[in-house]
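If you read the sequence shown in the UniProt record's numbering, its first letter stands for residue 1, the second for the next number, and so on.
What the hints contain is simulated information worked out from the structure, not anything from laboratory work.
Don't take every hint at face value.
Cβ-Cβ distance ranges computed for the label pairs, FRET-style [as the list claims (entries may be wrong)]:
1. Asn36 - Asp16: 14 to 22 Å
2. Leu28 - Thr4: 14 to 22 Å
3. Gly32 - Asp5: 13 to 21 Å
4. Met1 - Asn24: 17 to 25 Å
5. Met1 - Ala23: 16 to 24 Å
6. Tyr38 - Asp16: 28 to 36 Å
7. Ala29 - Asp5: 25 to 33 Å
8. Tyr38 - Arg10: 16 to 24 Å
9. Ala23 - Leu2: 17 to 25 Å
10. Val33 - Glu8: 14 to 22 Å
11. Val3 - Ser27: 18 to 26 Å
12. Ala21 - Met1: 16 to 24 Å
Note that CB positions come from ideal geometry on N, CA and C, so glycine has one too.
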Amino acid sequence: MLVTDAGEIRLRLFPDQAPLAVANWRSLAEQGVYDNTYFGSCH
1 MLVTDAGEIR LRLFPDQAPL AVANWRSLAE QGVYDNTYFG SCH
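Whole structure, please, built from the sequences with the hints as guidance.
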């Protein structure tokens, strides 16, 4: 879940389709790498 000034955003990850990408994203998130990070548009 992402917490923003405008509310919460729930993410849905698909480890069966992209196992390495999901594992990497989760690892970085758990380490706090994305804390206080600005995300623009994602494609």
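Here is how each hint holds up against the structure:
no.	hint	result
1	Asn36 - Asp16: 14 to 22 Å	violated, 31 Å
2	Leu28 - Thr4: 14 to 22 Å	holds, 18 Å
3	Gly32 - Asp5: 13 to 21 Å	holds, 19 Å
4	Met1 - Asn24: 17 to 25 Å	holds, 18 Å
5	Met1 - Ala23: 16 to 24 Å	holds, 18 Å
6	Tyr38 - Asp16: 28 to 36 Å	holds, 30 Å
7	Ala29 - Asp5: 25 to 33 Å	violated, 19 Å
8	Tyr38 - Arg10: 16 to 24 Å	holds, 19 Å
9	Ala23 - Leu2: 17 to 25 Å	holds, 18 Å
10	Val33 - Glu8: 14 to 22 Å	holds, 19 Å
11	Val3 - Ser27: 18 to 26 Å	holds, 19 Å
12	Ala21 - Met1: 16 to 24 Å	holds, 18 Å
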